[in-house]
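Protein chains: 2
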Amino acid sequence: MARERAAAAFAEAGIVLTSDERNAIEVADFGLSQLDEIGLEIVVYVNTERVCAKELVLFPRQTCPEHRHPSVGDSRGKEETFRCRTGVVYLYVEGEPTANPACRPPASGGEAFTVWHEIELRPGEQHTLVPDTLHWFQAGDEGAVVSEFSTTSTDELDIFTDPRIGRATMIHDE
Amino acid sequence: MARERAAAAFAEAGIVLTSDERNAIEVADFGLSQLDEIGLEIVVYVNTERVCAKELVLFPRQTCPEHRHPSVGDSRGKEETFRCRTGVVYLYVEGEPTANPACRPPASGGEAFTVWHEIELRPGEQHTLVPDTLHWFQAGDEGAVVSEFSTTSTDELDIFTDPRIGRATMIHDE
Numbered sequence: 000m001a002r003e004r005a006a007a008a009f010a011e012a013g014i015v016l017t018s019d020e021r022n023a024i025e026v027a028d029f030g031l032s033q034l035d036e037i038g039l040e041i042v043v044y045v046n047t048e049r050v051c052a053k054e055l056v057l058f059p060r061q062t063c064p065e066h067r068h069p070s071v072g073d074s075r076g077k078e079e080t081f082r083c084r085t086g087v088v089y090l091y092v093e094g095e096p097t098a099n100p101a102c103r104p105p106a107s108g109g110e111a112f113t114v115w116h117e118i119e120l121r122p123g124e125q126h127t128l129v130p131d132t133l134h135w136f137q138a139g140d141e142g143a144v145v146s147e148f149s150t151t152s153t154d155e156l157d158i159f160t161d162p163r164i165g166r167a168t169m170i171h172d173e
Numbered sequence: 000m001a002r003e004r005a006a007a008a009f010a011e012a013g014i015v016l017t018s019d020e021r022n023a024i025e026v027a028d029f030g031l032s033q034l035d036e037i038g039l040e041i042v043v044y045v046n047t048e049r050v051c052a053k054e055l056v057l058f059p060r061q062t063c064p065e066h067r068h069p070s071v072g073d074s075r076g077k078e079e080t081f082r083c084r085t086g087v088v089y090l091y092v093e094g095e096p097t098a099n100p101a102c103r104p105p106a107s108g109g110e111a112f113t114v115w116h117e118i119e120l121r122p123g124e125q126h127t128l129v130p131d132t133l134h135w136f137q138a139g140d141e142g143a144v145v146s147e148f149s150t151t152s153t154d155e156l157d158i159f160t161d162p163r164i165g166r167a168t169m170i171h172d173e
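Chains as they are written, first to last, in numbering that gives the first Met the number 0: chain Z, 0 to 173; chain Y, 0 to 173.
Source of the hints: derived by calculation from the structure; they are not laboratory data. Some hints could be false.
If several chains are the same, the list does not tell them apart, and a pair holds so long as it fits within one copy or across any two.
Unchecked claim - Computed cross-link-like contacts, SDA-like style, restricted to lysine to any residue with a CA-CA straight-line distance of at most 25 angstroms:
hint : residue 1 : residue 2
1    : Lys53     : Glu124
2    : Lys53     : Gly123
3    : Lys53     : Asn99
4    : Lys53     : Asp140
5    : Lys53     : Ala6
6    : Lys53     : Thr97
7    : Lys53     : Phe159
8    : Lys53     : Met0
Chain Z with its partners taken away, still in its complex shape (with noise of 0.2 angstroms):
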């Protein structure tokens, strides 16, 4: 069902998926089974050894949970641009908290939401991240479709704020 969602974000945001790629949106709940609250769902257009394109889909107030991508040896960590295509996404990074943010942390497990610098980002607006920021983000009251250009996708070397997350449980499969 969040899969059929997410197709109906992307179809109504003008975005042509074939439909391989429509059967194939990966609907992450992060294995904390709060779904609404905590989670993404993800089309990934190309992942080589040195570029990834991703587009995803946040429903109303849905909320990717805090986490880094860490430099690991010679290997530098991931570096991303989120650009906003449809809705508001609000993205928190470390620095200055913001005063009064746009957003709250998911009712269970709140306390793994520790940066709070405040990034809104509205449809044609876009940030790029540097490797080793902590971050996270949560759609708006309409949800959002946000695109990611990235270096190479490594899920599994993310580390996450919560620690009851771990990349292994994270896919969701309806």
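Mind docking chain Y on chain Z? Use the hints.
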């Protein structure tokens, strides 16, 4: 005028640009002053030392001339993925020539189109090129909007088949 026309094509494709981005749409005529035939319109979203993402407009039958992205020393050439968003784009690469290709080269300079293996891309379809691959592409009769996901874009290193094309004169400023 080409810039406004490209902005309209992006809008029709549902791609939201900021006003700064609209005003900075790059109109590339490759120094040939035959923009309707040879050229493309470009918005660069991001181009860091690792990753690049662009959005391209091709007017009806407009052609990006044949070129390749060479590896230089230890630095691997540009790897790029083209994803069609609207319209149709015909991508030509090295390999078995297609018997009845959908495109003809421009009237002037046609001898500089030497690879004829055709890949037809419709909305939602994409193709990834490894470095050093000779390629060119042309939109169908309705034009096309194409997303490009790649490693760093270093246009000054591109090698064009047409000896008249030098990157220094690529930008057609209106």
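Hint check results:
no. : hint            : in the structure
1   : Lys53 to Glu124 : both (16 angstroms within a copy, 14 angstroms between copies)
2   : Lys53 to Gly123 : both (16 angstroms within a copy, 13 angstroms between copies)
3   : Lys53 to Asn99  : neither (30 angstroms within a copy, 34 angstroms between copies)
4   : Lys53 to Asp140 : within (22 angstroms within a copy, 29 angstroms between copies)
5   : Lys53 to Ala6   : both (14 angstroms within a copy, 24 angstroms between copies)
6   : Lys53 to Thr97  : neither (28 angstroms within a copy, 31 angstroms between copies)
7   : Lys53 to Phe159 : within (20 angstroms within a copy, 30 angstroms between copies)
8   : Lys53 to Met0   : within (20 angstroms within a copy, 32 angstroms between copies)
Violation of the numbered hints given earlier is confined to hints 3, 6; the remaining hints are satisfied by the structure.
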